[in-house]
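Novice: Here is how the chains run, residue by residue.
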Amino acid sequence: MHTWQWWTNCARVALAMTAGLLAVDASAQSVDLIFRGKFENVTDAPATDAEAARFLTQATFGPTRAEIARLRAIGYGQWLDQQLSMPATLTRPWLDTLVLDPNFSLNSGHRVDRWWVQGVFAPDQLRQRMAFALSQILVTADSGGIDTRMIAEYSDLLARGAFGSYRTLLGQVTFSPTMAQWLTYVRNRAAYTSGGATVLPDENYAREVMQLFSFGLVKRNLDFSLQLSGGNPIPTYDNTIIGEMARVFTGLSYGRTNFTSTSFGNNTNADFMAPMVCFPMISASNTNYSANGVTYHDNAGKTIFDAIALPAVSNNQTGCNQDISTALDRIANHATVAPFISRQLIQRFVTSNPSPAFIQRIATVFNNNGSGVRGDLAAVIRAVLMDSEARAAPSGNFGKVREPVLRMSAIWRGLDVIQGQPVPAGTGDVGNVTMGLGFDTSFNQRAYSSPTVFNFYEPDYQNPGTLQTANLYAPEFQILNESTITRMNDTIQNLASNWYVGSNNCNTTVTRPCVQFAPYVTILQQTGNATTYGQLVDELNLRLMYGSMSASMRTVLVNMLTSQAAPTTDATRIQRIQQLLRVIVVSPEFAVQQ
Amino acid sequence: MSRIRREQRRDFLKQFCATLAGGSALSLFPQLQLMSSALASTQGDAGYKALVCVFLSGGSDSYNWLVPSDASRYGVYQTARGGVYTGTNGPLGLAQASLLSVNMAGSGGVALPAGHSYGLHPACADWTSIDDNGAQSSMPGLQSLTNAGKVAWLSNVGTLVVPLTKATYSNPSLPKPPQLYSHNDQTNLWFQGQETPNFRYGWGGQVADLLFSQNSPIVGSSPPLTVPMNISFAGSNRFQIGSQVVPYQMSGCGDPNGGNPFAGSIVGTNFANCSGSNTLDNFRACATAGLNAGETALCSLLGANTNLLENEHASTMRRAMDLAGQMATKLTGSPNGSLLNTPFRALADNQAVAGYNLAADGGNSLAEQLAMVARLIKMRTQLGQTRNIFFVSLGGFDTHAAQMPDNGQPRLLRRISRALGSFYQALVEMGVENSVTTFTMSEFARTLNSNGDGSDHAWGGVQMVMGGAVNGGNAATGRIYGSFPDQTLNGPDSFSRGQMIPTTAMDQMGATLASWMGLGSTEVNTIFPNLANFPSANLGFM
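Those protein sequence lines, which keep their order, are chains H and S. In terms of our numbering, the first sequence opens at residue 1036 and continues consecutively. In terms of our numbering, the second sequence opens at residue 3 and continues consecutively.
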């Protein structure tokens, strides 16, 4: 616990412990994070609470008053240092603990509850945000009926690897049984003959690892502009190369400790959480056995994109691993990876329409972190958040529509929501910390539940009408329409304003998130007039909108309150506060993060 | 109109009786309901026309939907598919005996080449619906609808810029559609009606740009509000986007035979089948009299904004609040005039009767969406609509794995057949089956060759068009348009894994439908700029 001393002045740590949030990645490097800000000159601190809150809106699941104060005390650099070295808060160990209770019945809702607990309460905010951003690029989902714990393990994989090397992460993703089920390459085999017919390898992963997970369909310059040949975009591959690449991703099946000659094709002793292994192998020590004379991995030479030749490899596990590793090296080193991934990360954290120069600056860091290392994701996300374009005062159409779940998390964090108590014995949810109650189905966005590998929305989505005419991208609008926007707003209003018990303290037995109204009631207890209403609006402006509320919106809100009879009891004061919250959280200014 | 109706009816009866005399009527019309449908099939609303796009997302393996059943061509099919699937993963073929026989003629009703015949996937059979009260109804599937001449099948349709053959494919001077085999790119090419990458508009949207002015405001709406001509029940899609027409997106979540259609987007009471069962009276239209202080404040925040992202968010909310309330007055209420007798859902969850247990089959979201389409069509006059283009979608067609077990492709095709069968019956119930044409699209077909337990991305495939206006009309036989390819792997029409080179462009298919909607050839050629590259601008199936 010594590494967390800087945090202990925050009451939140107690809450985090109740949710098991200290179940962190034990393998992570332990670092000294002693609070230094009070003793050193901080030269890179945000000048105002509003600036700090805006940064935290980009970098976390939402600013809190405590985190705003801390960031202002220690500055951006140290804040990032701390966040980048903080161990990962994990999902699967939590679920594994829950299922120890024989009465507990695990389903995907518990995983999603845990995702919300981590997003709203975990200390490793930037890591959790990065994992979520990566989950929208390296997509897997439980929508294909994949086991809940496998999805949880995959989310942990992304959290652990969020600040590591892109190439390392791509390797872990490729060997993940979760991804292999999702993109159907588990037990993918070298071409074989069955009943006289030739069966060829599944092309699913071969295609998407290039189209979506690395460099995309066409060659691009560092600033994401198209490379052209004779005026036309240059495709990165064609279907012949897909066929070749499909041969690379053959021979993978579930790992296990007791291998037999039929392990490739069955689940006996299979470990669905561990990285897959490449067959042939008959035991952990004998990896040279070609089971029943079958070659599962296609070990012949292949020609992939840019006419790169992958040499033939030995027909054993070493050869197979070498073949896949070489192909992944080639993919990760493709020149278009940097602009392709960098642009999407900028879109997830900062703005839907970064300038070409912004993308180029990040892509340059992606290619070289300054120490000659390529694909250093920690360096990349630091560069994204500290870029001059991200930190400059926003203007024009800068910013992004808040992702639906990030709208919700920002509200909860901004209002210092109290986490509910674990569900008591008596139901299949015993021990669970309830957050979602399934509400996020009305958001069209539920972590690790994208309907397809194309994520909830695509980076190039343009909403028809005004935005399209202005040639602006707005990925999040792909899931916002006349039907979903109202459904989501309705849910957000209720969660922001209704879930509370009592006016001063959330009851200790409540098993759901609880918004405390006491700080705002106190403001209104002074008197109910335009001045105190203004104070109330300003407080919520800082907490929810990083001080960005326009003067006209402020006037509208103050007028709304003054147009009604002044509240004289705490109950009516809470009604006014709820009314105010309900308008703010569905307002266009809140919906867009600038 | 009534005279035409009588004459057509008489013609049909004549044909029907002739068929009856031939002794095959029972096999032709095994279902009483379908028989009544077919007998009544000359109805239409001359003032109304609608297209319904059924998008099969993921790339449908459509060469298992329509299969050559004659011995010679079936043999080729079976070989290409690696044999017949009998419960063990590997082969992707259907057993010859399992195919549902259909009466099929070629374009214009000409007989198929000697010895040629076709069968449909067994999931296209007629079926029994059981409603909430346990009442059973015999319902048509695509087999009966084909045999009644209500369905045209289009063979080997795909994205093309110019005609290509295996021989000319490798000619670098002939343009190919960009990003073949890629889901999102090929989807957009089907939607756009042209091969320009990232073209902004869809052909459905461009058709609507030319027709939307024929619609009027919702009857009684004040201030007058016009429902957008293009309505999606399956989220955003480029198909419906025009330069002027922006599609209105509704939710298909709702009890198709009742309940509330808006899935939480209106003031409402019954959201039983939707998440978020709240009263949403804080989202009333801004023009509503007597808004409370909160509503007034919110409405004043929904004006123009200089940040276009905020502006778009505001206008989307405003449109949602304004339209939902107005449309709700036409779609709800008691009695609810939009409800239909056609059973769209079979809710036999706990009933020990033979038939289709929908819940056990994973539901049928396509049927729910189409039920909402039908309800809007029923209220078309009140809603001010004379032209519509609807978009519905069913996902799950990306069958790289586990394609052949019953909960794979068979279930997908069952959902289509049953949803379309119900929808057609609903159109007959409303008397508008000649005014509404339903068609499928899918980004690509799949490799005939197996990858072990599924198929991979390919190119040209089979689509279908359904409606009373489909050419073939009352001929009591289905028709197939476009040439059916040689299914030999790496044969004259395909690459090594049986990726078919299309012989009909999706532009031709779209142009035929756009022409039926009333567009002239100049307009059609503008929307489909590559149309001139192909031998016919109208495939003749309408």
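Honestly, the hints are just simulated from the structure, not real lab data. We put the beta carbon where it would ideally sit given N, CA and C, even for glycine. Among these hints, one or two may not hold up.
Cβ pair distances, simulated, as ranges [what the hints assert, rightly or not]:
hint, chain 1, residue 1, chain 2, residue 2, range
1, H, T1557, S, G305, 47 to 57 Å
2, S, P165, H, T1303, 49 to 59 Å
3, S, S245, H, L1263, 24 to 34 Å
4, H, P1270, S, V78, 26 to 36 Å
5, S, P165, H, S1260, 25 to 35 Å
6, H, S1349, S, G117, 24 to 34 Å
7, H, Y1227, S, S538, 36 to 46 Å
8, H, V1329, S, P531, 26 to 36 Å
9, H, T1228, S, V78, 14 to 24 Å
10, H, Q1262, S, T167, 51 to 61 Å
Novice: Against this structure, judge whether each hint is valid.
Specialist: Results of checking the hints against the structure:
At roughly 33 Å, the beta carbons of T1557/H and G305/S sit outside the given window of 47 to 57 Å. Against the hinted window of 49 to 59 Å, the Cβ-Cβ separation of P165/S and T1303/H comes to about 53 Å, which satisfies the hint. Checked against the hint of 24 to 34 Å, the pair S245/S and L1263/H passes, with Cβ atoms roughly 27 Å apart. Evaluation of the 26 to 36 Å hint for P1270/H and V78/S yields a pass: the beta carbon distance comes to about 32 Å.
Between P165/S and S1260/H the beta carbon distance is about 34 Å. The supplied range of 25 to 35 Å therefore holds. Between S1349/H and G117/S the beta carbon distance is about 52 Å. The supplied range of 24 to 34 Å is therefore violated. Y1227/H and S538/S have their C-beta atoms about 43 Å apart, which keeps the hinted 36 to 46 Å range intact. Against the hinted window of 26 to 36 Å, the Cβ-Cβ separation of V1329/H and P531/S comes to about 51 Å, which falls outside the hint.
At about 18 Å, the CB distance of T1228/H to V78/S agrees with the hint of 14 to 24 Å. Our hint of 51 to 61 Å for Q1262/H and T167/S is violated, since their Cβ atoms are close to 31 Å apart.
Hints 1, 6, 8 and 10 from the list above are not met by this structure, while the remaining hints are.
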